[in-house]
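Protein chains: 2
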Amino acid sequence: MRIILASSSPRRKELLKKLFQDFEILPAKGEESATSKNPEEIVLELSRQKAEEIQSLIPDSTDYLIIGADTVVSLEGNVLGKPADEKDAEKTLAMLSGKVHQVYTGVTLLFSQNGIHKSISFAECTHVTFYPITAAEISAYVRSGEPMDKAGSYGIQGNGGRFIERIEGSYENVVGLPSAKIYQVLKKIGDFALRF
Amino acid sequence: MRIILASSSPRRKELLKKLFQDFEILPAKGEESATSKNPEEIVLELSRQKAEEIQSLIPDSTDYLIIGADTVVSLEGNVLGKPADEKDAEKTLAMLSGKVHQVYTGVTLLFSQNGIHKSISFAECTHVTFYPITAAEISAYVRSGEPMDKAGSYGIQGNGGRFIERIEGSYENVVGLPSAKIYQVLKKIGDFALRF
Chain A
1 MRIILASSSP
11 RRKELLKKLF
21 QDFEILPAKG
31 EESATSKNPE
41 EIVLELSRQK
51 AEEIQSLIPD
61 STDYLIIGAD
71 TVVSLEGNVL
81 GKPADEKDAE
91 KTLAMLSGKV
101 HQVYTGVTLL
111 FSQNGIHKSI
121 SFAECTHVTF
131 YPITAAEISA
141 YVRSGEPMDK
151 AGSYGIQGNG
161 GRFIERIEGS
171 YENVVGLPSA
181 KIYQVLKKIG
191 DFALRF
Chain B
1 MRIILASSSP
11 RRKELLKKLF
21 QDFEILPAKG
31 EESATSKNPE
41 EIVLELSRQK
51 AEEIQSLIPD
61 STDYLIIGAD
71 TVVSLEGNVL
81 GKPADEKDAE
91 KTLAMLSGKV
101 HQVYTGVTLL
111 FSQNGIHKSI
121 SFAECTHVTF
131 YPITAAEISA
141 YVRSGEPMDK
151 AGSYGIQGNG
161 GRFIERIEGS
171 YENVVGLPSA
181 KIYQVLKKIG
191 DFALRF
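Chains as they are written, first to last, in our numbering: chain A, 1 to 196; chain B, 1 to 196.
It should be emphasised that the hints constitute simulated quantities derived from the structure, not laboratory data. All the pointers check out, no bait thrown in.
It does not matter which identical chain is meant; a pair holds if it fits inside one copy or across any two.
Straight-line distance between alpha carbons at most 30 Å, and here's what the computed DSBU-like set of lysine-lysine pairs gives:
#1 Lys17 / Lys82
#2 Lys118 / Lys13
#3 Lys37 / Lys99
#4 Lys37 / Lys91
#5 Lys118 / Lys188
#6 Lys187 / Lys118
#7 Lys91 / Lys187
#8 Lys17 / Lys99
#9 Lys87 / Lys187
#10 Lys17 / Lys87
Same shape as in the complex, but just chain A:
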């Protein structure tokens, strides 16, 4: 069975390694767009579009599991994606300072084995509480470059972790892939090997 991660994120790759010894990475081109303004619906829609883009490239006769994922940050009803530039990252971090926001990751699993197809989409939400952070901290953090490719302009697994007081929900979901939930779903649908 081909196991394919439809994402170029190095963080998602690391998380998926916890479940599979071997898998391929075929990033979706990301020309997808969401019709919804609701963060949960957005990540469900975009994860599905990414997984289906890769599915369209795979021969029908192949056994496969394709994993698509999308992550957004939501603060008081506003959906925050990756920053456009350093100024945008600084603005986003100033907004997150001292507040609780939500991180949504949507996952779509497209599974095909012996002609049986399954398609499962789910979204997880994690609440993240930021400590109050100063303008000097924001500036230094943005200059480090870490925020620039990340939804919400921070990396919880990197130096951005120092700003985070607590979370409620899945940690890996904030990193970008709720691997525990994926494992729990896969346990029920397939008998392919999950590593320990």
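Could you slot chain B onto chain A? The hints should help.
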């Protein structure tokens, strides 16, 4: 200033690297023992004993920051440390299955600069919810060896992460060192460099 981690845990070392470019590792011998049965008091007491053991080895004239830490798992009032053997690890994981438990990490910071001494101890508690797990999963996980050196017999950052549905609190606290809280405390007491 000498920055010293009084722990041999590779996981604590990784977490402290997020805050400091350079530090020493001088593990406390761990002959400490707690008088309390309360998990929060236990980790406060043991983290203090570890930090003080290392402090006793450092000349008074040195500027230093010593970081001692101790972690325990508490399930329905029972404190769970590292497993004695594989059987003990299996028993512990069966107890955690499908339930919420608490992870307590106590931290003691002993700080000395220009003759000024500070001593700060705090404990953080994170609530961890396990998915229900099967005897086969427990057995395979214990055979992998990962549980054997870990409080509560699992590693959230390793393959044990797949068993965890959600947490409430600090993730790093479950790994073994609440680095964000340490950063927030250090911000207030010293002007030594914190890396980005």
